[in-house]
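**Student:** Please model the complete structure; the sequences and the hints are all you need to start from.
There are 2 protein chains.
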Amino acid sequence: MTGALKVGVAGLGVVGSALLRLLERRRSAIAERLGRPLEVVGVSARRPRNLAPAFMTAKFYDDARALAAADLDVFVELIGGADGAAYESVKAALGRGVAVVTANKAMLASHGVELARLAESKRVWLAYEAAVAGGVPIIKTLRESLSGNGIRRVSGILNGTCNYILSRMETERLPFEACLAEAQRLGYAEADPTFDVGGFDTAHKLAILAALAFGLKVDRDAVSVEGIEAITLADLEAAEELGYRIKLLGVAERTPHGVEQRVHPTMVPRGAPLAQTMGVLNAVTIDGDAVGALTLVGAGAGGDPTASSVAADILDVAQLPAQPVFGRKASQLAENERVPMQRHEGGYYVRLGVVDRPGAMAAIATRMGERKISLEAIMQKRGGRRVAGEPIAPVVIITHATTEASIREALEMTLADGVVRERPQVVRIERE
Amino acid sequence: MTGALKVGVAGLGVVGSALLRLLERRRSAIAERLGRPLEVVGVSARRPRNLAPAFMTAKFYDDARALAAADLDVFVELIGGADGAAYESVKAALGRGVAVVTANKAMLASHGVELARLAESKRVWLAYEAAVAGGVPIIKTLRESLSGNGIRRVSGILNGTCNYILSRMETERLPFEACLAEAQRLGYAEADPTFDVGGFDTAHKLAILAALAFGLKVDRDAVSVEGIEAITLADLEAAEELGYRIKLLGVAERTPHGVEQRVHPTMVPRGAPLAQTMGVLNAVTIDGDAVGALTLVGAGAGGDPTASSVAADILDVAQLPAQPVFGRKASQLAENERVPMQRHEGGYYVRLGVVDRPGAMAAIATRMGERKISLEAIMQKRGGRRVAGEPIAPVVIITHATTEASIREALEMTLADGVVRERPQVVRIERE
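Order-wise, the sequence lines are chains E and D.
Read in our numbering, the first sequence has 69 at position 69, and its numbers run on one by one without any break.
Read in our numbering, the second sequence has 261 at position 261, and its numbers run on one by one without any break.
The hints are simulated quantities; they were obtained by calculation from the structure and are not laboratory data.
Treat the hints loosely; a few may be bogus.
Any copy, or any two copies together, can satisfy a pair, since identical chains are not distinguished.
With a straight-line Cα cutoff of 20 Å, these simulated SDA-like cross-link-like pairs (lysine to any residue) come out [unchecked claim]:
id, residue 1, residue 2
1, 91, 66
2, 6, 61
3, 91, 120
4, 122, 35
5, 122, 320
6, 122, 73
7, 122, 319
8, 329, 28
9, 217, 106
**Tutor:** As structure tokens, then:
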């Protein structure tokens, strides 16, 4: 413990560069904390970079795997991607008994259990605070601060791109496409936005949170995923009128059927902290049986906030004995139940294009009643139009708690009846 | 490490009872986590209580000091009060090398440095997550999750009683006294509410957060304190109109003059997470140089949430090496600068009773200008009345950033001029 803490940083993109700046800026505070200096002994990237003078002594590697084979105390993986150099170098480092700090949600969502087993067999850290919600310390909060709680639910805004788009749609009254284009212009969204707006990025992060909260094997395929592409201004306006706001949430929740893991646009009561989180921010609410609802809000991406979490992990790794990666031994993590969405229970918002003739509303209400779906509201909205010569009126329905299977069946029947003419928009409601 | 973790719980009030329930409910999960059972071997209270069957084996003590002398791994202090049995038993336990977990903010605010020195000399934990903001894990977040950050500011709603009263005043349009009486009826406020509504409870908690965030000696006397007693409905309404909400904040902030520590009613922009925290909830926003603004919101009091934090501390204490109590060695904590409020810089809201005659507004604006105070707004409000036969109009002023000394001087001069007839209401603004 007398020499410097030897750190290798693989990946010098936005986060890697921010981390090096942070380590330089906080050099003396970190040394005081550690009781010894922190030295970046090696960095890797595809191409050499000009490093700040403080890192001139760091050896440059053009292959992360070679860096992982160097004499290190901590290997920091900031390359990204589920496989390839990131996965291989992390495996190599752990295999040698070198602690790993990573921001790589895709890798953890795909290989989390395998890597956790490896880390635990070598009794070294695999730390990943930066992998979920950037600068927001949700991993440590779940793993340590709520260790006395039975967790009932974790729900969060885990993708800043989606939250930015939905926030802009609502405040500027602009359609999805316009806000997506704006997000792309500002660098908040990729040229191919599917990974973000389709909900897949959120699903990766949710799978990690679910593992930690409920002691499950990380399994991104256990997450039901729905993106925000189909959300319209009409939905946002109806939400507002009804006292809700639409957010893309990742929700992991203990139910009588097992732990549900789902990502979908969600109506959240406007007074809830998640509803009030606007723009690129991330927010996570944890419901624990002792603490109640605890919400963390902060920067979910960006170089500096992510580097903040990476730095905290490096300091933990240097000072504390290795913790089980997902809060309990990897060998004790439970299998996922993969609860099908059909069994989900909750309230629903439905927007329908209804044939504008007497008895149409009654026909819909009857179909709902047959499936024992209790309605909180059914209302015709302005903005009727003609489809194939027939007048179609927009109708919004809010249900009390029911099952996904019931609402889907009832809606199929209204379509079969010819009362509803287009595929209905369905948004799940989280009331708590 | 093979035997049970032996825990003694001093104090069986709301928090102590909730802790015992939690330890019973989560018994197997905690044992799995620890790799050994947790056993409550002793409890103390002024009078014997009926304990749940799970704790029948716990020995009862009517003196916490006697419990502190028992064979324990962790001494949990939930008695409260700065001195007396709490302080003496904690000192006794630490002196014997027994780790301490406490929820006692008053004791830490008064004796924190001394107790930290003692704990560190014995290399044992003095853990106190529950002492600030109840179930909200603000201590661990500051100490560990933001360890790579230079902290610029910590600001928070740390007293649920005050936040409840201000929330009710605003939503129900009721005066302070009525809301205080309601809070007392509901058990949110004590019969003598001074400690809460006068800001002193917030000041204790703020002193602890400031120590941790800025490496200072805990010193409750370094905190400038102003309560909420003087806040009126007129102020809340003016705040709303101007896009703010009034909250009792504790703020610790690095300034060119040193670290300011202050508790006072504050105008917070309505979009900020602190402004959106209503009712008895607590919320803390930390501004770090890497993470930016990070906010935690949750239950700041109550048995179960506080027990959640106590339980997390017990698990940390049992598993991790002792950390420096205030994030750095007690011997390295800096002296407080006790920055006088006169040097505070910021925006101000001022509500004045102004003599309703031509030139009065100009006279006030001139006095402000002489002190180089730049005005964002000066506006006469409705609701004029007669004082001693003279018409008095309410005027609200919002200033750009200035110093407390300047605004106080300018206001004194308007009083001396005879233009302003009553002591003005002054509320500081936090714009970020």
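**Student:** Using 20 Å as the alpha carbon limit, work out where residue 122 and residue 319 are close: within a copy, between copies, both or neither.
**Tutor:** both (17 Å within a copy, 18 Å between copies)
**Student:** At most 20 Å between CA atoms: does that hold for residue 217 and residue 106 within a copy, between copies, both, or neither?
**Tutor:** within (15 Å within a copy, 43 Å between copies)
**Student:** Using 20 Å as the alpha carbon limit, work out where residue 91 and residue 120 are close: within a copy, between copies, both or neither.
**Tutor:** Classified as within: same-chain Cα gap 12 Å, cross-chain 38 Å, threshold 20 Å.
**Student:** Could you place residue 6 and residue 61 in one of the four classes (within, between, both, neither) given a Cα distance threshold of 20 Å?
**Tutor:** Close inside one copy (15 Å), not across copies (50 Å); limit 20 Å.
**Student:** Within, between, both or neither: how does the pair residue 122, residue 73 come out at a Cα-Cα threshold of 20 Å?
**Tutor:** Intra 13 Å, inter 29 Å, cutoff 20 Å: intra-copy only.
**Student:** Reference check for the pair residue 122 and residue 320, CA-CA at most 20 Å: within, between, both, or neither?
**Tutor:** both (15 Å within a copy, 19 Å between copies)
**Student:** Is it within a copy, between copies, both, or neither that the alpha carbon of residue 329 lies no farther than 20 Å from that of residue 28?
**Tutor:** between (35 Å within a copy, 15 Å between copies)
**Student:** For the identical chains here, do residue 91 and residue 66 meet the 20 Å Cα criterion within one copy, between copies, both, or neither?
**Tutor:** within (12 Å within a copy, 52 Å between copies)
**Student:** If the cutoff is 20 Å on CA atoms, where do residue 122 and residue 35 land: within, between, both or neither? Let me know, please.
**Tutor:** Intra 25 Å, inter 18 Å, cutoff 20 Å: inter-copy only.
No hint from the list above goes unmet by this structure.
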